[in-house]
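Asker: Let's have the full structure, built from the sequences with the hints guiding it.
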Amino acid sequence: MSATTIFYLMLLAFLGLVLLGVKPLGRYIAQVMTGESNLVVRCGARLEALLYRLCGIDAREEMSWYRYASALLQFNVLGAALVYALQRLQFWLPLNPQRLAAVSADSSFNTAISFVTNTDWQGYAGESTLGYLVQMAGLAVQNFLSAATGLAVAVALMRGFARHTTQTIGNFWADVTRSTLYVLLPLSLLLALALVSQGVIQNLHAYRDVKVLQGAGQTQTQTLPMGPIASQESIKELGTNGGGFLNANSAHPFENPTPLSNFLQMLAIVLIPFALTYTFGSMVGDTRQGWAILAAMLVLLVPLIALAYHSEQHGNPLVAAQGIDQLASATQSGGNMEGKETRFGIAASSLYAALTTATSCGAVNMSYDSMTPLGGFVPLFLIQLGELAPGGVGTGMYSVLMFAILGVFIAGLMIGRTPEYLGKKVEALEMKLASVFILTTPFVVLIGTAVAVSLAAGRAGVGNPGAHGYSEILYAFSSAANNNGSAFGGLSANTPFYNVALAVAMFIARFWPIVAALAIAGSLAAKKRVPVTEGTMPTHGPLFVALLVGSVLLIGVLTYVPALALGPVVEHLKLFAGS
Amino acid sequence: MMMRSLRSALSLLLLMTLLLGVVYPLIVTGAAQLLFPRQANGSLIERDGKAVGSALIGQDFTDPRYFWGRPSAISPHPYDATASTASNLGPLNPALIDAVKARIQALRAADPGNALPIPVELVSASGSGLDPDISPAAAAFQAGRVARLRGLKLEQVEALIASHEQRRLLGFIGEPRLIVLELNLALDGLH
Numbered sequence: 008m009s010a011t012t013i014f015y016l017m018l019l020a021f022l023g024l025v026l027l028g029v030k031p032l033g034r035y036i037a038q039v040m041t042g043e044s045n046l047v048v049r050c051g052a053r054l055e056a057l058l059y060r061l062c063g064i065d066a067r068e069e070m071s072w073y074r075y076a077s078a079l080l081q082f083n084v085l086g087a088a089l090v091y092a093l094q095r096l097q098f099w100l101p102l103n104p105q106r107l108a109a110v111s112a113d114s115s116f117n118t119a120i121s122f123v124t125n126t127d128w129q130g131y132a133g134e135s136t137l138g139y140l141v142q143m144a145g146l147a148v149q150n151f152l153s154a155a156t157g158l159a160v161a162v163a164l165m166r167g168f169a170r171h172t173t174q175t176i177g178n179f180w181a182d183v184t185r186s187t188l189y190v191l192l193p194l195s196l197l198l199a200l201a202l203v204s205q206g207v208i209q210n211l212h213a214y215r216d217v218k219v220l221q222g223a224g225q226t227q228t229q230t231l232p233m234g235p236i237a238s239q240e241s242i243k244e245l246g247t248n249g250g251g252f253l254n255a256n257s258a259h260p261f262e263n264p265t266p267l268s269n270f271l272q273m274l275a276i277v278l279i280p281f282a283l284t285y286t287f288g289s290m291v292g293d294t295r296q297g298w299a300i301l302a303a304m305l306v307l308l309v310p311l312i313a314l315a316y317h318s319e320q321h322g323n324p325l326v327a328a329q330g331i332d333q334l335a336s337a338t339q340s341g342g343n344m345e346g347k348e349t350r351f352g353i354a355a356s357s358l359y360a361a362l363t364t365a366t367s368c369g370a371v372n373m374s375y376d377s378m379t380p381l382g383g384f385v386p387l388f389l390i391q392l393g394e395l396a397p398g399g400v401g402t403g404m405y406s407v408l409m410f411a412i413l414g415v416f417i418a419g420l421m422i423g424r425t426p427e428y429l430g431k432k433v434e435a436l437e438m439k440l441a442s443v444f445i446l447t448t449p450f451v452v453l454i455g456t457a458v459a460v461s462l463a464a465g466r467a468g469v470g471n472p473g474a475h476g477y478s479e480i481l482y483a484f485s486s487a488a489n490n491n492g493s494a495f496g497g498l499s500a501n502t503p504f505y506n507v508a509l510a511v512a513m514f515i516a517r518f519w520p521i522v523a524a525l526a527i528a529g530s531l532a533a534k535k536r537v538p539v540t541e542g543t544m545p546t547h548g549p550l551f552v553a554l555l556v557g558s559v560l561l562i563g564v565l566t567y568v569p570a571l572a573l574g575p576v577v578e579h580l581k582l583f584a585g586s
Numbered sequence: 017m018m019m020r021s022l023r024s025a026l027s028l029l030l031l032m033t034l035l036l037g038v039v040y041p042l043i044v045t046g047a048a049q050l051l052f053p054r055q056a057n058g059s060l061i062e063r064d065g066k067a068v069g070s071a072l073i074g075q076d077f078t079d080p081r082y083f084w085g086r087p088s089a090i091s092p093h094p095y096d097a098t099a100s101t102a103s104n105l106g107p108l109n110p111a112l113i114d115a116v117k118a119r120i121q122a123l124r125a126a127d128p129g130n131a132l133p134i135p136v137e138l139v140s141a142s143g144s145g146l147d148p149d150i151s152p153a154a155a156a157f158q159a160g161r162v163a164r165l166r167g168l169k170l171e172q173v174e175a176l177i178a179s180h181e182q183r184r185l186l187g188f189i190g191e192p193r194l195i196v197l198e199l200n201l202a203l204d205g206l207h
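Chains as they are written, first to last, in this note's numbering: chain A, 8 to 586; chain B, 17 to 207.
Hints were generated in silico from the structure; no laboratory data involved.
Check the hints yourself; a few may be wrong.
Claimed, not checked - DSS-like, lysine-lysine: derived pairs with alpha carbons at most 27 Å apart: (1) Lys439(A) x Lys535(A); (2) Lys581(A) x Lys117(B); (3) Lys581(A) x Lys439(A); (4) Lys535(A) x Lys432(A); (5) Lys432(A) x Lys581(A); (6) Lys218(A) x Lys117(B).
What the hints assert, rightly or not - Pair ranges (Cβ atoms, derived): (7) Met18(B) x Glu434(A): 23 to 33 Å; (8) Gly160(B) x Phe450(A): 57 to 67 Å; (9) Gln49(B) x Arg67(A): 53 to 63 Å.
Claimed, not checked - Residues of chain A placed beyond 12 Å of chain B at every Cβ, according to the derived structure: (10) Ser135; (11) Ile331; (12) Met438.
Here the structure is a predicted model, which is why all the values come from computation and not from measurement.
Using N, Cα and C, we set each Cβ at its ideal position, and we do this for glycine too.
Answerer: Put into structure tokens, the structure is as follows:
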């Protein structure tokens, strides 16, 4: 079998497994989020009730969108404060066997915002910066809660479509608690143990010295990092967080030791986001609506996966010119192996890169900075499209619904009818809010990049000369403002300038859109349901899929083509100019 | 209303921190130590009762009598496991091509008679700087050198490579590979 055949076999097997999981998991999520009972809910019901009682929460109390949003903001701001405090105080706290010092104020601030916003951008190196308590009780907790927050917003928006003539969209506390207890926690437990079986470590030991086989001078021993990695690794993927326990993230053998652990991580990254399309269909009472959205996601995603693979497999012509063998064969993956791990090769690295940027995950199993120009274009562009194919846990679903609203609006303009979606009239208020949602991120990305390239403090961080250095900055702001967290890692971002600028970008681009989405949910919930007539555009067929894909591409391409032309496009032309 | 909401937010955050940040990782730790103690503690390889490394973490091999692993971008000490990193050099960066040239020179100097083309993995730094593996092609490229310097027959070394090769899972997941440390331990065992 050729390397290409093997890659497409893996892709088919992967997508097949994902699709098999969509209906059962999607239905399960709909069940637990609408308060139905099942086996897992019965197991956790007492814990859930205890949490509500201790926190003074009445889970049946319905909230207006405004109260829902303010509860969400309070919960997240307090969460950020806690992560900040844990880092600043870690030297005096337990479970820090390496006696790591307090983290600097600007780095702590960046990391706190980063993990609360589900971005997991990391300016620091985990193994030399953070003790186990910060990782467990700070970062991993936000890995759960930021994903649960995203899921809560998505479900609230679904209720906006499903309900009519009401002022309320659910209870934030109940939504966060139920998505944590019944969706994220059980899956994380299972995945964590599966990952340990593959070699992901899970202990609380101090770092371990081993005497190396070929030792000389200073390098007689090797110090192996230790820690509770598997429990964090599982929710890092399932919650589309992406923050590595260790600096090299999922390229590190202790985070991602085998091709099977890599495959499980890829499944974990997209399983919930894809399943939420079914949850959506189920909650609005027509599962075809969910499948149509899923189809649009795949239409956007699959060609970009293929582009990443073929660009990386083609290799680097400058390396080939040195007489190096980059051809795929039965005994090597070949291709552009700079920054990639042998066990993953080109195929499993390219697929991982596309999935982790098509969601808000941002975990990396290779160095994106060392990808070929078109290979590296794929994660950058997937992020810039807004991470909605399938997007992060919850965030992908509510983001794609904004584009669905935009799509039906454009269709409505073409035929001169008030647009409708799922029996709700889309009117001026919804369009304004959807526009705020859609435009916030590009605004932050482009202004942020422009400011950074204009300032000495911004240019100082660049790790590669020429167009690629600019791409590093564009990538950083695209990643932060879409709450992805992956990087062109050559950028030295652990500086006061980048720590603050990127934290602001992450915060604005997380919470403005969330508030806009919740406001839309509130407005939709209050509307009457319009009956389906002959003039109603069906939103479950190929026409709607095309409209949705078209809207996403229209906005993405129009917004970013000039910025991309200066980076990956220039670089591609230069790299292949001689061949 | 606001105060009640703040109280709920703070208490839910603290209880969730206890549950997800303490209880959950401790349960996973307990279960992992019970079910998979070797993996949970770093997949250590022991020789004569002493740990000589982890099967998952590469070591720096520069002695031509050993198989060399992937180049590591970690500096100043390659394969320093407390500082995992990739080179992050872009495809057009002259520093990348300089590094490739230096690696070619080192490989050729260690084995002047070897006319085989050099597999890309041996001149490109890994993603973690700690890659434990090399491809069968990278092992085959070095087999002649290792056999000659150790006074072994080429077939012996090739047989050793063949016996250490791990295949793709189900034929299409991952890449064929060998763990360099295990291969080198086995080489030492041949004498």
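Asker: All hints are to be evaluated individually against the structure, with a verdict given for each.
Answerer: Hints, one by one, checked against the model:
no.: 1; hint: Lys439(A) x Lys535(A); result: 20 Å, holds
no.: 2; hint: Lys581(A) x Lys117(B); result: 20 Å, holds
no.: 3; hint: Lys581(A) x Lys439(A); result: 42 Å, violated
no.: 4; hint: Lys535(A) x Lys432(A); result: 8 Å, holds
no.: 5; hint: Lys432(A) x Lys581(A); result: 50 Å, violated
no.: 6; hint: Lys218(A) x Lys117(B); result: 31 Å, violated
no.: 7; hint: Met18(B) x Glu434(A): 23 to 33 Å; result: 31 Å, holds
no.: 8; hint: Gly160(B) x Phe450(A): 57 to 67 Å; result: 60 Å, holds
no.: 9; hint: Gln49(B) x Arg67(A): 53 to 63 Å; result: 41 Å, violated
no.: 10; hint: Ser135; result: 6 Å, violated
no.: 11; hint: Ile331; result: 5 Å, violated
no.: 12; hint: Met438; result: 31 Å, holds
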